[in-house]
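full-length UniProt numbering puts the sequence shown at residues 1 to 318.
Some hints here could point you the wrong way.
[Said to hold, decoys possible] Derived lysine-lysine pairs resembling BS3-like cross-links, with alpha carbons at most 27 Å apart:
{"id": "1", "residue 1": "Lys69", "residue 2": "Lys7"}
{"id": "2", "residue 1": "Lys69", "residue 2": "Lys245"}
{"id": "3", "residue 1": "Lys313", "residue 2": "Lys126"}
{"id": "4", "residue 1": "Lys168", "residue 2": "Lys118"}
{"id": "5", "residue 1": "Lys175", "residue 2": "Lys69"}
{"id": "6", "residue 1": "Lys58", "residue 2": "Lys129"}
What the hints contain is simulated information worked out from the structure, not anything from laboratory work.
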Amino acid sequence: MLNSFDKAYHSLCEEILACGNNRDDRTKTGTRSKFGHQLRFDLSKGFPLLTTKKVSFKLVATELLWFIKGDTNIRYLLQYNNNIWNEWAFENYVQSTDYHGPDMTNFGHRAQEDAEFKAEYQKQMKLFKERILEDDAFAERYGNLGNVYGKQWRDWVDQHGNHYDQLKQVIEQIKAHPESRRHIVSAWNPAEIDTMALPPCHTMFQFYVHDGKLSCQLYQRSADVFLGVPFNIASYSLLTYLIAKECGLEVGEFIHTFGDAHIYSNHFDAVNTQLSREGYEPPQLRINSDASIFDIDYEDLEIVDYQSHPAIKAPIAV
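Work out the full structure, taking the sequences as your base and the hints as a guide.
Given below as structure tokens:
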């Protein structure tokens, strides 16, 4: 048996594998994809952390709090041993004139195919992370990912140089005008796409208030269904909980709308392993603080009664 959260996610995976289009992609890995899909999660039934493979709530929560703070430097993430953005910062470093180590060209693919290279890559990545944590100047130069999500959420700049704190404004709007249809935050700033290590995949989200409940709909233009989407589901559900608490509301639904939802060709076996598993009851989220969403810490968040199958590893496409 599957809970409603796992069931929705499994249905997307099954549909892509059975009916998706085989396509080339930017990373040269190859994908099977579907264009246009929607999942709905009733947050009154629990917290949608998938149970057919372990999903790290710590990684989900620290990344989201990093966005909320408006931070764009991986140092904060590394302080929580969160490594999910390392490859993009590392790529910038090894392509620079300051890097004097072994050739790391196309390190993502080479590490999958060459065990000797993989060991060297892991050594260089370890040294890179240590310098980010210990060297302020190095972290400032090579830990920064450009104007990615947190920058757009908290400091959107228009063509006239005006600055907008979209997240703070949308919270104020929800409190003052809950029935508005303008509760929107966008990470897709065309003028700054070229300044980002990775253009935003989850591009915009909208809130909706009804009967004292807050719902959130995310539009995701590009979705790595095996590695990314379980995190995205949990992340935006957590965001909905945090903003609902900030605004004195209960949680409603999280609606996840996709553009290109894809499974990488080197993830097929991992997906089939996950699809073969039965699930467990979903966990619950506790927010153990009355602090503002802008001041809350990871240590204030708690996942209760999370039972899951083991994690399934798969290579990230950079």
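Tested hints:
With a C-alpha separation of about 33 Å, the suggested pairing of Lys69 with Lys7 is violated against the 27 Å cut-off. At most 27 Å may separate the alpha-carbon atoms for a hinted pair to count; Lys69 and Lys245 meet this at roughly 17 Å. For the hint linking Lys313 to Lys126, the alpha-carbon distance of about 19 Å falls within 27 Å, and the restraint holds. Annotation: proposed proximity of Lys168 to Lys118 is violated, straight-line Cα distance about 43 Å (limit 27 Å).
Note on Lys175 and Lys69: the hinted pairing holds, with a Cα-Cα distance of about 20 Å set against a maximum of 27 Å. Restraint check: the Cα-Cα separation between Lys58 and Lys129 comes to about 19 Å, which is no more than 27 Å; the hinted pair holds.
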